Every structure is written in C-alpha cells, then in structure tokens.
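Enquirer: Order-wise, the sequence lines are chains A and B. Going by our numbering, the first sequence opens with residue 9, and the numbers climb by one from there. Going by our numbering, the second sequence opens with residue 537, and the numbers climb by one from there.
Since the hints were derived computationally from the structure, they do not count as laboratory data. Fair warning: this is a prediction, and the values are worked out from it, not measured in the lab. Among the clues, some could well be false.
Stated by the list, open to error - Partial chain A-side listing against chain B, Cβ under 7 Å, derived:
id : residue
1  : 88
2  : 89
3  : 93
4  : 94
5  : 128
6  : 130
Glycine residues also receive a C-beta, built at the ideal position from the N, C-alpha and C atoms.
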Amino acid sequence: MEQFHGIPVSPGVAIGPAVVLDDQGYSIPRCHVALADVAAEHDRLVAAVAAVARTLETNRESTSRRLGDSTGSIFAAQLQMLHDPRLTAELQRKITGSQHTADYAVSQVMHSYASALRRLNNPLLAERAQDVLDIEKQLLQQLGAVTHRPLDSLVEPSVAFSHNLTPSETAGLDRTKVIGFATETGGPGGHTAIVAKGLELPAVVGIGPFLDRVVVGTRVIVDGDRGIVILDPDQATLDEYERGLLRRRELLARLDQLADLPSQTADGVAIELSANIEFPHEVAACLSRGADGIGLYRTEFLYLSREDEPTEQDHYEAYSEVVRAMQGRPVIIRTLDLGADKMGHRPLAEYEHNPCLGLRSIRLSLKNQDLFRPQLRAVLRAAIHGDVRLMFPMITTLGELRQARMLVNVVAEDLEEEGVGCRTDIPIGMMVEVPSAVLMLDRFIREVDFLSVGTNDLVQYTLAVDRSNEYVADLYQSSDPAVLRLILRAVEIADAHHVPLSVCGEMSSNPARALLLIGLGVRRLSVPPQALTKVKKAIRSVTIGQCREIAERVMTFEAAGEVDMYLMDRLSDLAPELIPT
Amino acid sequence: MNSRPLQRTVVVRNPQGLHLRPADLLVKQASRYDAEVMLGREGQMADCKSILSILTLGASQGTELHLTAEGADAAEAIASIAELFDHGFYELEGAESE
Chain A
9 MEQFHGIPVS PGVAIGPAVV LDDQGYSIPR CHVALADVAA EHDRLVAAVA AVARTLETNR
69 ESTSRRLGDS TGSIFAAQLQ MLHDPRLTAE LQRKITGSQH TADYAVSQVM HSYASALRRL
129 NNPLLAERAQ DVLDIEKQLL QQLGAVTHRP LDSLVEPSVA FSHNLTPSET AGLDRTKVIG
189 FATETGGPGG HTAIVAKGLE LPAVVGIGPF LDRVVVGTRV IVDGDRGIVI LDPDQATLDE
249 YERGLLRRRE LLARLDQLAD LPSQTADGVA IELSANIEFP HEVAACLSRG ADGIGLYRTE
309 FLYLSREDEP TEQDHYEAYS EVVRAMQGRP VIIRTLDLGA DKMGHRPLAE YEHNPCLGLR
369 SIRLSLKNQD LFRPQLRAVL RAAIHGDVRL MFPMITTLGE LRQARMLVNV VAEDLEEEGV
429 GCRTDIPIGM MVEVPSAVLM LDRFIREVDF LSVGTNDLVQ YTLAVDRSNE YVADLYQSSD
489 PAVLRLILRA VEIADAHHVP LSVCGEMSSN PARALLLIGL GVRRLSVPPQ ALTKVKKAIR
549 SVTIGQCREI AERVMTFEAA GEVDMYLMDR LSDLAPELIP T
Chain B
537 MNSRPLQRTV VVRNPQGLHL RPADLLVKQA SRYDAEVMLG REGQMADCKS ILSILTLGAS
597 QGTELHLTAE GADAAEAIAS IAELFDHGFY ELEGAESE
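Sequences and hints are given; from them, build the entire structure.
Expert: Now the structure itself:
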C-alpha cells in the first residue's frame, strides 16, 4: 500500500484497477526484457532511430523547399536531438544496463529531457520540450508502442492516472470506462477540475511525480474528497473506503428526497438555487435534483471538444437542447470564456507571456467578432424556446460592456432583417470576477439586468494567484477576507439598485461557504448539479439570523484559514449530516 | 599532450541566450574536435557535443559559464568555442540595430 496527496478537485471516491495514460493518451508500461534479449531490443531501438532519422530528413527537405530553410531547420534541430550522443548513451544504458524495453527507455529518457526543458522558466526553451516529445512519439510509433490506446482495451471500469489531462481530454473520457482520475500536475479551479465535476468523476490533481510507482491493473483508490490516492490498498483501508461509499450512497439517497422541496431557510426565506453546467446532458441531473434554473451555462465545451470551430448552428443546437429541456426555467448562457492559448482552431495571439492577464474571454470575443457573432446570434435564436439570459465573462471596463451590448443590438437587427426567428429583448448581465468590476460596480449596475459573481476568477485576480500553478495553489483561497469584502460590496450595491445578483463560483457549492454567502446577503446561488441537494440541505437547516451571525463573525477574521475553521465548526452544529466523515 | 583540462569563463552575450540555433552551432563546433568540451553552471555540467544537455542549461543573456576542454586538441577547441561566445553566436548585429 502506498499513499499520495494532491488537491481534491471533484468529490467522491473511486475504487478500481489502475490504467496509466500519458499526455497523448497512450501508456508505456514499465517492462523489462530478459538478459538474452537485450541485444535484440537494442537493435530494435537502433532501427527505430534510423527510420525516424529518415523521416526527419525527408521532412526537412520538403519543408525547406516549400517554406524556406529557416522553417526546415526545425527538423534539422530535431535530427540533431535524435542523434545526440548523450541521449544515445542513456537509452543504451537503460536497455543494456537496466534491461528496460526500448519503448519504456525512450519514454522515460525523453520525458525527463522534456520536463527539464519545461522547468527552465524560459518560454523559448520550454517550447523545445515539444520537439523532444515529438521525437519521442515518432520513436514510439516506429517501435509499435503507440497504436494501442489503453482506454479502448479496458475490460472493467478503471481509474485513470496521467501526468496531465487537458480539459478536452477529460471531457473525452468515456464514463463507462473511467470512474475517476488523478494527475501529477494541475491545481484547483482549472478547467480540467470543472469538467471533472461536470462528469461527476472523483478527481485529485497536482500530486507531483507518482506515475512511476503505479503498477497497471492493480487496485487503487482515488479519494476526491480528501485529495488522496492510494495504490494497492490493504484490506482494512479498502473495507473502510467501501463502507464510506455505502454511507455516501445512503446520504445521497436521503438528500435526493429534498429535490422537490423548496430551497428556503428554516424561517422561510427563499434562496434561488440554480445549477452550473458545461454539457447539455447535465440538464437531466439538474432537473432530477430540483434546480430552479441554469445559473451558468458554460459554452467552452463547444470549442474544446472538437477539431474545427463550432458553427452558429452548432451553438444553436447545443443551447436549444438545454433551453427546451429546462421548460421555461431561466437559463443563463455565458459567452466564450477561454484564453487565446486554448483556442486551437486559429492562431489568435502570438506567444503570450501571461495568458491569465492576456487576450481571453470577452476581450478575445470583442477582438474576433467573426467568432463572437455566431455565438450571439445562436443565443438570440435559442431564446425563442424559453427564458434565456445572456452573460458576458471577465468584464473589466465599462467600454467592454458597452461594446458587447452594442454588438448584441447589431446582431439582433441582422436577424430581424433576415427574418430569422429570435428574441431581441433578453436580459443581459455580466460576470463580476475582476476586482475592477467590483470597484466600478455602481456604474456597471446601471447598464446590466443582472450580475453573477464568479468567485473562481475573482479569487485569482484579487489574490494574484494562478489557480493552476501547483507552486502557489495553496494561496488560492475563496474564503480570503479580501475576497469576502469584495463580495459584500457587490451585494450591497446590487441590493441598493435592486439588481439581482447571484454567486456562481465554486465557493457557493461548499455548504458552509454557501451559508456565509447567504449571511452576506446573497439570495441566489448557482452550483454544480451534484451539489444541489447538499446545498439545499444546508439552506433548509438554518435561519437567516444564523447566517447573518456567521457573516458578522467571519468579517472580523483576518485569514482564510480562520474563516474555514469557523465555518466548518458552525456547519457541524447546524447540519452535522453534511460533514464529510 | 596536455592531460589537465583547459579552462575559461565565457559569457552568453546574444539576447535570446543559448536557445536552439546557438546550441546547434555550439554542438557542430565542438564535434569537430576529439577533446571533451564541457560547459558548467552552478554545479550543472553540459556536454558541448549534446544539444539536449546544452539546452537544459537554460543559459540566458548575461549568464557566466565555465568552459573546460580536455584532450589532444583541447586548446583549439576551447579557443574556437570561446570565439562563438565572444561573437554572441553572430546574433548581435540584429539586436543592436533595433
């Protein structure tokens, strides 16, 4: 039994056999060869290197001819890496000395060079890591190691381990085959975490190096509540987790009985409880758990889960499916909220030194109106099927909000002229997720129909923490008093102007923090579908007075740790059933 | 026959540091000699005949490196490689006209 700690990003526990994926979705098992076969294995490597060298040479010639010598020289550099004497010596040592297979030796050695380059903190050199991995992939293809995709051959549902999983790779995981996952990199609040929650897959990220300890096929546990991964658990641990799974199922069954009861405090104050979704298929879970609406419909999956750019029709179909299924309940559609670095379909920005502060989200949409217009048209068209509201992410200046609203008007006029069915009077709101939006909220509020506080980004931009950077991820705390003060200010301004405000970040899905938000005056929460009943349970267990007391006390604290400890303490008094055991 | 390694300190002068192109020049130059030529930086040693090992030094502009050469033609090797550094791998002109 071996145990590793990481960051829990998607709750729940998964128990099953391990499968290891690497960045490309293939796995190179750690295999050894018999001493007698070492020479043959080395010959296999030499042949593969020669074959890849021939390909690179051909690529270099044809690329130089078409695009000039400077582009062709990329392959010249790859050739030089392939023939690097140190590399050759290391590969040989792994095969003849440690009796590794050529496949495993290649994957180990190339990965260690790639990660050494990435660690350098020099963007120019970090990109060379891609060249190294490219060579690795070609060698592995020559060795016949990567035609095999491990997920395709799984016979029973398994737990996936990987160095890294991108949001699109996570979205592509087949839920009938993968019951949970854990990765070496990543932090809380990244898109991978959001997608994992959407799929209700227990997940732990940011564990650090552990994949070399995994024996494929052995039983493992991913504890997405506590951020623990256990390899080859002993019987006592296994029993404990299985009992926990059973208790969890019983609690969920009890909580599900709350689905049809109103979301209100014990003294009858209604708290609108909506759901955040990423995929249309999540609507079913929202409805069965009694969501009042969709408080946040993220549209990034349309861009992340396909090779080509989504068309207006693709948008329209995805939105219509959700709007129809919600049968008149409000659906807030948020426009594209991605960075230029995630937009694979077209090069939108040259290398950005700091993508979090770069061309992303509404900035990207406003600069690429041919990308933005189809999305806006689709939202207005889908609005005829129900109660659709439009929301812009990452609004930082009034100019951006005005420009975006103007574009909606232009698109609406176009649609009317074309005689296309649409609604042009839908409510328009903005995310409050940049400190500048809070500071200027008294101005913004005159020009929007509703507000939604996105705590994930608000935390990131207030505390200057990149939430996916494992080195500083511990500084990312949504209970930080600075964040709470910004939220309180936003609530006060929204109340004074009678503009509805909801909180849709991850903060609201934590029952204890949800009570704090209610105490701060928030009356609308939007949470992932699987948190709906849990948060409703918390709401129904307290009075508004109790929530206000919590908020008053919390606002005297100076650190996130104090806040969270106090909140857990209060929750265990008010709704003990919700305390994870 | 010189059995003791020759040593020199060199400075990375070209603005973009030891990236792919200078590393490529360095490897080609070092490979002309039999001598073992190494570049050292804060305890990390890189073999000048290995492009991967040079790249992983991550030496940016202004970095001081410790150059050593050992072998029959060490003197020629160290002189010609130091010259590459002194000329900023012939990348300085473009930067200065900026």
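Enquirer: A separate judgement is required for each hint: does it hold in the structure or not?
Expert: Right, here's what the structure says about each hint:
1. 88: Hint on residue 88(A): holds, closest Cβ of chain B at ~5 Å, below 7 Å.
2. 89: Since chain B brings a Cβ to about 6 Å from residue 89(A), closer than 7 Å, the hint holds.
3. 93: 6 Å, holds
4. 94: 4 Å, holds
5. 128: With a minimum Cβ separation of about 3 Å from chain B (threshold 7 Å), the hint on residue 128(A) holds.
6. 130: 5 Å, holds
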